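Colleague: Those protein sequence lines, which keep their order, are chains A and B.
When we follow this note's numbering, the leftmost residue of the first sequence carries the number 1, and every step to the right adds one.
When we follow this note's numbering, the leftmost residue of the second sequence carries the number 1, and every step to the right adds one.
Calculated directly from the structure, the hints in this document are not laboratory data.
Heads up, some of the hints might be wrong.
In silico lysine to any residue, SDA-like type, Cα no more than 20 Å apart, as pairs [stated by the list, open to error]:
#: 1; chain 1: B; residue 1: Lys467; chain 2: B; residue 2: Pro527
#: 2; chain 1: B; residue 1: Lys913; chain 2: A; residue 2: Gln266
#: 3; chain 1: A; residue 1: Lys88; chain 2: A; residue 2: Asp437
#: 4; chain 1: B; residue 1: Lys938; chain 2: A; residue 2: Asp241
#: 5; chain 1: A; residue 1: Lys471; chain 2: B; residue 2: Arg708
#: 6; chain 1: B; residue 1: Lys443; chain 2: A; residue 2: Gln114
#: 7; chain 1: B; residue 1: Lys53; chain 2: B; residue 2: Arg31
So the derived list for chain B, only partly shown, Cβ under 10 Å to chain A, looks like this [as the list claims (entries may be wrong)]:
#: 8; residue: Arg99
#: 9; residue: Leu160
#: 10; residue: Gly233
#: 11; residue: Cys325
#: 12; residue: Asp537
#: 13; residue: Gly703
#: 14; residue: Arg769
#: 15; residue: Pro838
#: 16; residue: Leu862
#: 17; residue: Asn869
#: 18; residue: Asp870
#: 19; residue: Glu911
#: 20; residue: Val915
#: 21; residue: Val959
#: 22; residue: Glu968
#: 23; residue: Asn971
Here the structure is a predicted model, which means the values were calculated and not measured.
From the three backbone atoms N, C-alpha and C, an ideal C-beta is built for every residue, glycine too.
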Amino acid sequence: MHNCNSHLFANLPHAARLALTRRQLFGWGGSVVGAAALSTLLGESASRAVANESQPSLPHFAAKAKNIIYLHMVGGPSQIDTYDYKPKMVEMYDKDLPDSVRQGQRLTGMTSGQARFPVAPSKFKFTQAGKCGLWMNTELLPYTAKSVDDIAFIRSLNTEAINHEPAITAIQTGSQVAGRACIGSWLSYGLGSENKNLPSFVVLIATPSKGGGVQAISGKLWSSGFLPGEHAGVSFRSSGDPILYINNPDGVTPDMRRRQLDGLNQLNQLAYQKLGDPDTQTRIQQYEMAFRMQVSVPDLTDISKEPKHTFDLYGEEARKPGSFANSVLMARRLTERGVRFVQIYHNGWDQHGDVGGKLPAQCLDIDQATHALIEDLKQRGLFDETLIVWGGEFGRTIYSQGGLSKTNYGRDHHPRCFTMWLAGGGVKGGTVYGETDDFSYNVVKDPVHIRDLHATVLHLLGIDHERFTYKAQGLDFRLTGVEPAQVVKSILV
Amino acid sequence: MRIAFLLVLVVCCVRVQAAEPPLPEKIEFNRDVRPILSDNCFFCHGNDPHQRKADLRLDLRDDAVAKQAITPGKPDASSLVARILSTDKDELMPPPASRKQLTPRQKEILKQWVAEGAGYEKHWSFEPPRRAALPMVKTPSWVRNPIDAFVLAELERAGLQPAPEADRRTLARRLSLDLTGLPPTPAEVEAFVNDKSPEAYESLVARWMKTSQWGEHRGRYWLDAARYGDTHGIHHDAYREIWPYRDWVIAAFNRNQRFDEFTVEQIAGDLLPNPTREQLIATGFHRCNITTAEGGTIADENLAMYANDRVTTTSWVWLGLTANCAACHDHKFDPITQRDFYSMAAYFRNTTQGAMDGNVKDTKPVIYLPPAADEKRFTELPKLIADATTALTARRREALKAADAWASSVKPSELGITAKPLAETEQKQLDNSRAFSVAARIKASASLKDGTLATGGDGWELVVQGKKFALRVASPDGKTNSLVISRRDILAPGKTQHLLATHDPKRGLRLYVDGLETESDRKEKQPPAKGAADGIDVQDVRVYAVAITKGDARSLSDEPALLTALGVEPAKRAATQKNSLIDFYFRSVDEPARELAVQIDELTNEETAIRGRSIVTHVQEEKPGEAMANVLMRGAYDKVGEKVTPASFSSLHAMPTDAPKNRLGLARWLVADENPLMARVTVNRFWQELFGTGLVRTAEDFGSQGERPVNQALLDWLAVEFRESGWDVKKLFTLMVTSATYRQASLTTPEKLARDPQNRLLSRGPRFRMDAEMIRDYALAVSGSLSLKMGGPGTKPYQPSNIWEVVGLHGARYTQDHGENLYRRTIYNFWKRQSPSPNMEVFNAPTREVCTVRRERTNTPLQALVTLNDPQFVEAARRLAEAVLKEHADSTGAIDTIARRVLLRPLGSDETKIVAQTATALEAEFTTHPERAQALLKVGESKVDETLPAPRLASLTMVASQLLNLDEALNK
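Based on the sequences and whatever the hints tell you, model everything.
Modeller: The structure is reproduced here in structure tokens:
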């Protein structure tokens, strides 16, 4: 492999090299792909750098965590059947949800026509877990129950959106309207990557082992929005090429590719000497980084060398490409290699009916692996510098959608309260924050809006959400938007 | 402070130089002051009354003076100056809490501006553009046309010289790429190199502008602005058929349609007198916005979203204003009020389009474009149907008395609705070779499960799928079958419904619900249902040995109601009961009426059949009644405020007095000569297409927060020229590409990099990475595999597996095309918004979910992976090598020819050496490992010529790929 740092830049004008140093703050691959952004530097982003001059270097203050693994449960898991324990609901079985609780709040078009809204208490067994004594569904989440003393739960999350597409867009980008940048892109933009061979923001899509309740997720959730395109999430795939087009065509070995690229570089150097366009240097870097990715990705994705105890910890499911357990293991391997943000989407949580049948399968998919991730990171000394976020895009209703029996029911979307949890660097384990009413319908204490969650996540990464802005369309955009947002200090160490 | 400042100077001399130039001799409000006020003050002291603090406006001179914030000529008596210079934290402006801070220079500017009298100017883009006199320049000989005079004047001011003219090969390549989006052929280039005529360049311009590829290339940029895509965009992201609009755009550029007409037809083609089919297709522009059919979404919210997108897009594309900011509150920087926003929304809300797209390809309003053979008949049918309907109404009026008499005397046994239902054994003999009908009265419950409702064994079954119902019929031998399923959800839990499916071997299958026909889709080779439907009450299944007609379908559904009506004494019957009997009489008893009904039925069937064979395209259609909208507080659909009627933005030019209060009025307002923005914004986008960056970099924002033009005199001159030329697009492009500015070589010098780092002053020729589509088209073109076939449905070239499948909802499958469609121009790629072609997206092709008037241009390693490894590019490299190897058996000759095709120039001797080294080394590898050569040559679906020596072909494939990946090849 070629060292491509110093000598290639020898020809660069002074200004470009200066700019390059500054650029190391941004983009993926630190200094090296900072260089890949060189063209943009001397082209469009020169003005961007100037426009952001008032923005101090990141982080704004000492960061508690360096990396994030965000586990998004697509569809919206039921808080009532997982972490928001509501014992009084047993007596309310099949009674109508009081108007005093519903307060005329809007419902989706799927249940607004229902003649009645019968209360469906959780059918699952709740017991206390951990030293903190958290009441939770230990029937379906026995492994996670072992980790609660490392986790801070927020039971009072709330959002405005009541349908999937806008809600998932809102929790990922801070706005229900498509086109903004997602959290992963913001952090890639702000903090860059610590690995010059891999992107700073990786997306993994985990397929639920049982079908049903699946919602659409699309590339726009990890697009960079108005931020420069290199901050878009790179989706690693569980089948075919792990990164699109990463593999050489059949018949071309790495050595042959190397030889082709050597010639390519020399030709580009000649062109640079002739025209003096700094973009040409960028091009050379771009191809070198691509080659290094080609070399490093097979090693990254090859889990066959993981020892047996890894699979004892994560479960045998982790050997199956595309499973949640496999994705979580991959997330650990990525984090280990310095990838800033790993986003996992696990689909299948949209249970409008048959919670009794579907929720156990969903929990089985994630439970052991989630616990394993926490343990594994601890063993490797990474837990304290990694932030893990778990949750969906909204919660679910206490009243049953469709038929209700003691053993089965459905639940519609509920944006007014839901539970999410954080663990790892800077997070005070064994904490529960926020409270909902007896029906888990309204927040009664310490509400946390999704923008407060965003502010908290940024805070843990050493970023002041109010100062972290990007100018686009004549506005200074922030992940947390224009409404005031607060860092949830109570769950921090 | 001073020391720290110096340190910064040392570390970042380049940027500081740019940031802190000396104060100008005379302060100009728009150039020097407005950006400072806009960035730092207007948020609280600007246009938006809700944010306004201390009741002070600094955007209006009179207000600022009245409040003594500014005392013209007297900085010491101006509180603005005192406050920005204050050392008291409570006094200082902007307040520290705002995290905004003025630089020393900015403070000086404001102070000096007040001292000079605090003159205000209207924001530059709201003043009408004027043709300035051509500036005097030191080297007039360089000037080929007025563009050059404006450019050279700026260069001279900066102490820079233009670059020399590019050599002819470079020029030909650049020109061809800019006019057609494709590289020229080596023959075209050589002809130009050898053309001694003084008009050689101009005739090349004229020739390439006449090709059909011109329209494709110009159209591609426009389709970004129009957010054109082949799917609905949200949730299911299902297919939307609207490609005739894409083809219309291409054709409009090819016939050089005046830009004002081009505008009017897209905004309001349907409201023009006797609109042509093309003018209707043009209105697809505002049907390209993304829509949803997600269950549970709220109609008002969706409709608000659609209108919001249309206002935003219109405003970006034709006005260069970020009106979207005014959706929630008055614009904080530009004079657009929230009321303005919703007044424009009123134009777009007055449409017959519904809130849900239904996940179907033809969400109303649409028009049908029948095949040529049907076209005449299709235009005749509406009148024939109308005539027959009029005749039927007349007949009913005429025979009403007879109908009354019949209704008073008829007995239930005399109704004789249709043929007798078949016995069960007879039902089993039916299949797709026979006409028959199946009817059932059903009541679904919430726990409805898929399955069979009724079946005659292997020949047919009536089934439920989700909330849809379908009839599946098989051939007598059981080998083929087809299924016709209702297009929309039909089954409503808790409601009794009458379902009827009819089959006619000639006319096919049709479905009726409660006596009315419902739209359906036909699918072939469908498996039978897995068991009986559940959660549904099925009563009264009847099977008939005829395909029941439309009229009888109604009677069959109405039968229980009719029998009830007959059970009541004639005089005591309710109006509805009486009417159902009278309707029945005219449908089934009165012969003339019955004949007319059958005739209408047949004509309607014929129309439906032609529709089924037609291409669909989405259009705009005005709703009757006056257009209106409500202001939505904070942009929220459910916080409905004041009602507004359609109006243009109040602070811009006036609406023409004779303009109608509908979209046509809006369109006329946009193209009015008085509009200071449209010509500028359009010219700027065209400039951006050629030079990579507009004269105003923020192509979507000409407002106060956008960039000021880098050369306003040039922009304004071009804008006036464009308008006065009759909005002649080709003429404008001719002017731009024949300028000396455009023809410069893209040679960079250290001096130019320092003084004109981004080439905004145009001190050299444009050179930047081509757009996604151009890169793919380029590889196809030089390899000789590009198909120039135009138009038609979206094509599906190579794509890795599991792209659509991973992100989409059930059923989203990418079915790759084969043959010619693999090699069509990229503008025809099927554009699925939630998963655009991954090899294009990585090169910054937008998702087309929202309007894009300026693409990003980034360089990432993922792009290199595409052009090195994507089968599309690997195959193109191989086909190029193949074509060349057929002419040149020797490696040296082959390499030279490959280079000439890719780079349009011969290689230098140093370059030849490098390429030859690659070729020799790889050929040796492929010779030692022939299986590697075989594997590489198999990439792609086109067959390889096996008579050629595989190791050499494989190594030349790698060489072709090497050259296609050169910075030079990827750049324009």
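Colleague: Looking at the structure, which of the earlier hints fail to hold?
Modeller: 7, 9, 12
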